[in-house]
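**Student:** These protein sequence lines are chains R and X, in that order.
Reminder that position 266 of the first sequence reads as 298 in the working numbering, one-by-one numbering, no gaps.
Reminder that position 393 of the second sequence reads as 425 in the working numbering, one-by-one numbering, no gaps.
I should point out that these hints are in silico values taken from the structure, not numbers from a laboratory.
Remember, identical chains collapse to one label, so a pair may be satisfied in a single copy or spanning two.
Distance condition first, Cα-Cα at most 30 angstroms in a straight line; then the derived DSSO-like pairs of lysine-lysine:
{"id": "1", "residue 1": "Lys664", "residue 2": "Lys723"}
{"id": "2", "residue 1": "Lys664", "residue 2": "Lys694"}
{"id": "3", "residue 1": "Lys723", "residue 2": "Lys676"}
{"id": "4", "residue 1": "Lys518", "residue 2": "Lys590"}
Computed from a predicted structure; not experimentally measured.
Protein chains: 2
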Amino acid sequence: MIIFLYFITGTQWASGQNKLDGSELWFTHMETIESASFACPSFIWIPQSSPTFTIIHKELKSGLNKLYNREVKDVSRLNSNGLCVGTSSQKDLSSYFKKEELSVLGNDGYIIRTTGNNVTIIIANTDLGALYGTYHYLRYLQTDNTHKANFDIVEVPSYQRRILNHWDNLDGTVERGYAGHSIWQWKDLPQKISPGYIEYARANASIGINGTVLNNVNANPAVLSIEYLKKVKTLADIFRPYGIKVYLSINFSSPSVLGGLTTADPLNKDVRIWWQDKAKQIYSLIPDFGGFVVKANSEGLPGPQDFGRTHADGANMLADVLESYGGIIMWRAFVYNPNGNDRAKQAYNEFKPLDGKFRKNVILQVKNGPVDFQPREPFSPLFGAMQHTTLMPELQITQEYLGFSDHLVYLGTLFKEFLNSDTYTNGRNSTVSRITDGSVYDDSITAVAGVANIGLDSNWCGHHFAQANWYAFGRLAWNHQLSARKIAKEWLMQTFSHDQDFLNQMSGVMMESREATVNYMTPLGLHHLMGWGHHYGPEPWCEISGARPDWLPTYYHKADSIGVGFNRSSSGSNAVSQYAEPLLSVYNDPALCPEELLLWFHHLPWNYELINGRDLWSELCYRYSMGVEQVKYFQCTWNSLQSKVDKNRFNDVQNKLAIQLKEAIWWRDACLLYFQTFSHRPIPSQLDQPKSKLEDLKELKFLKTHHN
Amino acid sequence: MIIFLYFITGTQWASGQNKLDGSELWFTHMETIESASFACPSFIWIPQSSPTFTIIHKELKSGLNKLYNREVKDVSRLNSNGLCVGTSSQKDLSSYFKKEELSVLGNDGYIIRTTGNNVTIIIANTDLGALYGTYHYLRYLQTDNTHKANFDIVEVPSYQRRILNHWDNLDGTVERGYAGHSIWQWKDLPQKISPGYIEYARANASIGINGTVLNNVNANPAVLSIEYLKKVKTLADIFRPYGIKVYLSINFSSPSVLGGLTTADPLNKDVRIWWQDKAKQIYSLIPDFGGFVVKANSEGLPGPQDFGRTHADGANMLADVLESYGGIIMWRAFVYNPNGNDRAKQAYNEFKPLDGKFRKNVILQVKNGPVDFQPREPFSPLFGAMQHTTLMPELQITQEYLGFSDHLVYLGTLFKEFLNSDTYTNGRNSTVSRITDGSVYDDSITAVAGVANIGLDSNWCGHHFAQANWYAFGRLAWNHQLSARKIAKEWLMQTFSHDQDFLNQMSGVMMESREATVNYMTPLGLHHLMGWGHHYGPEPWCEISGARPDWLPTYYHKADSIGVGFNRSSSGSNAVSQYAEPLLSVYNDPALCPEELLLWFHHLPWNYELINGRDLWSELCYRYSMGVEQVKYFQCTWNSLQSKVDKNRFNDVQNKLAIQLKEAIWWRDACLLYFQTFSHRPIPSQLDQPKSKLEDLKELKFLKTHHN
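Sequences and hints are given; from them, build the entire structure.
**Tutor:** Have a look at this one:
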């Protein structure tokens, strides 16, 4: 079966015929850059064999063929002008390296080095390390412009576990998915295998992703039934040679719902036995099963608190069950209560007292911000605060709050802003990345998760440029030191073109795109102004009687006749107290607080004066307008590059940009007209005035349906 | 003589004929606002008499006449619908007030209150307090729109001494003056009295300024000759009824240069005797003489260090000499040494060790920033650091580094940014204003100085809008809690028009104007890029062989192939260490440092990524371009208001804005083209590209002569 699949995918991307419909992701544009100083190797030697080495061999043969239009010969020894790939157990290769440099590579790291006689060796401690090195080598040939004569690359990933979270339901829908139905054809599995599965595994492996949580965190207990576990096993078998481990989201009440027990109390013996049996069943099918993600006592889902137990009780019971198999529990910290005075404080308040109470194979999965994947949030104060608990970031690749797959919003900058945030919890340079990668605290597990934006759309992600967010997540999970701009250029080169002008212009657009979205949606620290439920479009006025107040925009913007913003300073909810100094003082003081977070932490009067001499109201008007102007510039830039892009993708992106501009204006007009009912101030005359009336905008209903 | 002068000025501004050439300053446009709820009083009673009360009487009679076109009757008792002005010694008036509320008024404070029978009383403890109350009353009628039915105003000034520093030379030139020659006609004094002297005193008194340093801090010793002292006495006599005290800048070597002694050593007995004799002579002519300003051991001027003595030795000797007369010494802290590694650190390094060593009647006069009146600087770290020494801020009203009198740059925002800066030296809310006004430390003297922008030009300041900076300085010296926007509107209403659209538009322009200048001159914390000597126009490339390095732009911007900016962090000059926490940490960390000070504290690579997704180079390009766009918007706004402004002043300002736009472009092009020789990056294509070549811009010589 596996050979059959290789054949399918192999022919597709080695054919030399690009489809140019986005289906080939970052394998679309395979060519070396003009100034490349690397010649094509004349020979390949791959001394070892395994399913993974079979992939390595195929990738190199077809990749070099595509890059240099040459059929590279296979040989069986180290030849001059040759390329060799193998593991450190291969003495012929490892003798070229020092023991110490090989040992630091761990499981996934690799070295690519050109030795004497112009032989380039890709070496790792595992087959998978060799695979990652191979993808690096091929990417390097396409994107490097440092003009070095020889390879000398050593890479070790930032995180051990680099995981995609699919919020895919068993019925084929995807929660917060904007690229069509789920790629998992549950009905057809395990009998029928979609060729997309291996393309998926290959795409992930090529950027270093090594885990996938197949189902939604709002988990259907049925996923643990034997029927579904057999489907899962099939996927795990397909993914294994690519190094993609399978994980599942579980429903905490599975023992009662699925197992017929009267309780799911984690301290109940029968419950534990049920889980032990279930684990045994899973691991008998999938010996390298990764573990569980658990969303418990969150947004109405069951959890240990239903039985008077703590999150630690629940997580530890499951951790004990998986421990002997090497499985882990990713326990989500996304909890909040409609009765609390500030949702942004609640995860910290609930989990901080449990610090040190979790098993070693539990890792708390914490969203980047304290609320929920907003266009901009400060980092969650849990990062750095839990010094005796292992934490992993949960990032959102899918654009739930960022215009779905209609808006071009490159998230590399958002991810980097978060990873680079200094928590100061262990002195300066206690950045989120160093807190979570094991540099600051000695964590036995390190991990990072990204909520996938993948669906059955022919271009995978709904928007050609949304692929870049999947790509950027993978690249940063591998190496969080990479710059967002470098990643953007890398992706553009592999996906679209090597044209310098194109690269400069479009990497500029990508780099600016997230800030543009912040500007036209929620500038200056505003957040959660979007439409009810679907989270698309502006509804700052949204009031639904009986609704949870913490699901309504007014809870967050708190606009009134005096001003706007959420007072989280020491005179308000005091959420600032959850941050370490000097951040506490910085966030607590409007004069020091970064302007981009001003209204996140402060309720300020409409006439509050900013450092640039504008009052708050005028600055809001400027920022919203600037966001619109930025989209116009994206549109104009894209149009100017028409000759450098294939017609299909040019038109697709052009259409999306037209939607984005229309909706940026919608956001600007709706928010400004709404806030104006409180500020009673004019929109500065040099800015475009709204073309709609507030009442009309309020009448607009979002009837968008998902792609299919 | 005084009566003669009153006559001259009285007729001028009571004539009802406005000149509309700017000569009448903020007395140009006297009318009540449309919505004013105050009726004109029917009677005036001024029970006391003195030169100051004569002024009060005249101001009220002519002011009310102009405001309501009514001749208000004088009466000699408290009449219904009457207005009374007097001091607390007047029992008929003081009986309406509590003792405690009168005692807190001090020397200069006042109450304006409407009591029963619709009688409004302006009361103070001194004649001058009553004068300030009178000006407040008249201003209030013109500018208040709170629609209150009755007056109930209590005002006590923020600073005791509110002083203009004239950098006027005895030869009639003005250092850094851009509004023509000095208003002091030294040759003609004391015989001939210019009517401008009293207009000057009146303008200052109307906004609360109560002191003037007549001559340049780079002082000619001759000012202390008996010949000049007699001239000074004449001015002091004219100013006295308006409450303007006279001060002089002295040259530290006066005892030798003027007195013929062999030394000016402050510890030398003969030197002390010389100063004692000189003081006696001064005070016999001017019994209320204010004191001395001293620029010593600064930029080549003599000082106590020439004799191995400290600044404290020098200041204390002079302080002892003036002490019995009630005089003070304003000792400037503007010292720096070409051999130091960072000019920004030097005043602190030199003066901090002397903390606590100064006499009570010495006050250190410290410029707002640690370098020199740049478009933007952080506050000088001396503020708050000298807990046992009295400090006063020196602000610059004249636009030495801000386009002279050619650029519309409202400095209210700059002054406020500085005054509101939190030093954190005594916990939070240790703002510069509270550090210097006696709120944090119990200072026996409080003072603030502004370097005047006044000259013989018919509109006093060269640019009609430069008058607003004089006005704003005075208003903030009186009440540093006023907002820059309120002051701008007040000034516009009194100077130009009450038209709401005009006020909103032009206060918007004023509020934004300083940031625009920062953008087109020195964005992101850059500083000192201006032309050599004259300080006009861009010369970031300026190299003059043999010149002091700390007078050259390269010392400050440190542009190189890697990046740009002055590393004052702990890895550089460590100037950040002079600030208290949390500022130290904030300034020390590029991620926390406010963007507007980024390159003040850090040398950052051209590809350094800002939070908005742009790299440093692109952001520089954007900021420079935004500055130009802002000036275009000022120009466009002004043009749209043509119908609301008299023709003369409309044309004057229009012409100045044309110069400003041309020069904003000059700044942008020169700086970007110059920095581009280091960054080797293109100016983003969506921005205007420079129209000039760098070589041509370098050839431009600044041949501007002063107005005359």
